[in-house]
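Undergrad: All chains, please: the whole structure from these sequences, using the hints.
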Amino acid sequence: MSSLILVVSAILVIFMIVGAVVTIHARDLLVAIIASAIVDLVLAVLFYILQAPDVAITQASIMGGLTTAIFLVVIKKTERYEQ
Amino acid sequence: MIKKAFALLLVVIIAIFLSVTFAKIPFGYPKTVVGKYYLDHGVKDLGGVNIVTSIVVLYRGFDTLGEVTVLFLAATGLGMVLAGLREKDEKKRKKTPPSLIMRTETKLLFPMTILFGAYIFIHGHLTPGGGFPGGVVIASAFLLMFLSHKKWEAKEKYTKITEALAGMTYVVIGLIGLYVAGSFLENFLPKGVPGNLFSAGIIPLIYTAIGFKVGSELTGLLQNLRETTE
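Quick note, the sequences are listed as chains A and B, same order. If you want the numbering used here, it's the 1-based position in the first sequence plus 27. If you want the numbering used here, it's the 1-based position in the second sequence plus 29.
Keep in mind that the hints were calculated from the coordinates and are not lab data. Among the clues, some could well be false.
Unchecked claim - Okay, derived cross-link-like pairs now, DSS-like style, lysine-lysine, Cα gap no bigger than 27 Å in a straight line:
1. 180(B) / 104(A)
2. 104(A) / 186(B)
3. 103(A) / 136(B)
4. 220(B) / 104(A)
5. 103(A) / 180(B)
6. 179(B) / 103(A)
7. 186(B) / 136(B)
8. 60(B) / 73(B)
9. 65(B) / 220(B)
10. 103(A) / 184(B)
11. 73(B) / 136(B)
12. 65(B) / 104(A)
13. 104(A) / 179(B)
To be verified - Examples of chain B residues lying across from chain A (beta carbon under 10 Å, computed):
14. 144
15. 161
16. 254
17. 257
To be verified - Residues of chain B clear of chain A, computed beta-carbon distances all greater than 10 Å:
18. 35
19. 46
20. 60
21. 61
22. 79
23. 128
24. 132
25. 204
26. 226
27. 247
28. 255
Owing to the predicted nature of the structure, the values given are computational and were not obtained by experimental measurement. C-beta atoms are modelled at their ideal positions from N, C-alpha and C, and glycine is treated no differently.
TA: As structure tokens, then:
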């Protein structure tokens, strides 16, 4: 792996860690859902960098798309803010 | 305070063990013999250019049947849980219409998204993708329509029928393999020229069935979620 790709993936991993921390600590659940969607999409890019395009497509469509939508439906049906 | 100290200690211990373990494994180095076998013989044995789908559908076909069953059980379970929460009174649902831009755009996007999903699962043996992502893309097309058209709905009857037929197709293809070639889910069609659309034996057939099954299943799931109460 060349050093440029290594640097890019390191930046992406830092993005993922920040997103995960925001997901855990956000009181507004909408913010948490969007942060976790960012984690999933960045993970899809990382899978692509690691030469697993099949997994990347599945990750982006299922976790980034459909799961986020289902979470959004669920907070619309329940409550937006955590106590 | 002591609790926090113990938690920190635990994290440090886990980090040490993980780093010691992973330091000894070289990154990206092929360790197993079976992986090398798949890479060397996969295209010649089965005729599918995309080795991942060859493994998922043919070498590990039985696992995939189990996976599809798990997805079916999850969707059915959610449907059962939500069945008690159905909105009885249609008028209670909020009726703020979505914007004109959204309605017009999704009408155009809907067929194209479905076409893209179909492309993903039909070309599963040639390009990355396959039945599962293709089905999810189709379900997301239906999600767009659900978001933009309040009255538009996917009838539960049709999603259920599609799902059942696709699942049965998968099992019937497996049984034909048992009859013709001697074992369940064995390839019984000619392999063809690797790289052509009509190649790789039963992989395109099975992935088409899986695409229909996953797409209709997730569409039914979204429809169920949409019909429940606040």
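Undergrad: Take a quick look at whether residue 73(B) and residue 136(B) sit within 27 Å of each other, Cα to Cα.
TA: Roughly 44 Å separates the two Cα atoms, so the pair is violated.
Undergrad: Is residue 104(A) close enough to residue 179(B), meaning Cα to Cα at most 27 Å?
TA: 16 Å, holds
Undergrad: Does the claim that residue 247(B) lies off the interface hold, with its Cβ farther than 10 Å from every Cβ of chain A?
TA: The claim breaks: residue 247(B) does not keep its Cβ more than 10 Å from every Cβ of chain A (closest is about 7 Å).
Undergrad: The output says residue 60(B) does not contact chain A. Does that hold with a beta carbon cutoff of 10 Å?
TA: 16 Å, holds
Undergrad: Please work out if residue 103(A) and residue 136(B) have their alpha carbons no farther apart than 27 Å.
TA: Holds, because 24 Å separates the two Cα atoms, which is no more than 27 Å.
Undergrad: Does residue 257(B) pass the interface hint, meaning its C-beta sits closer than 10 Å to a C-beta of chain A?
TA: 7 Å, holds
Undergrad: Are residue 65(B) and residue 104(A) close enough, with their CA atoms no more than 27 Å apart?
TA: Violated, because 49 Å separates the two Cα atoms, which is more than 27 Å.
Undergrad: Against chain A, does residue 226(B) hold up as non-interface, every C-beta pair farther apart than 10 Å?
TA: Fine: 18 Å to the nearest Cβ keeps residue 226(B) off the interface.
Undergrad: Would the pair residue 103(A) and residue 180(B) pass a check requiring their Cα atoms to be no farther apart than 27 Å?
TA: 19 Å, holds
Undergrad: Was residue 79(B) rightly flagged as not at the interface, with every chain A Cβ beyond 10 Å?
TA: Not fine: 8 Å to the nearest Cβ puts residue 79(B) too close to chain A.
Undergrad: When you check the alpha-carbon spacing of residue 104(A) and residue 186(B), does it fall within 27 Å?
TA: 25 Å, holds
Undergrad: Given the hint that residue 180(B) pairs with residue 104(A), does the C-alpha gap stay at or below 27 Å?
TA: Holds - the C-alpha atoms of residue 104(A) and residue 180(B) are around 19 Å apart, at most 27 Å.
Hints 4, 11, 12, 14, 22, 27, 28, counting from the list given before, are not met by this structure.
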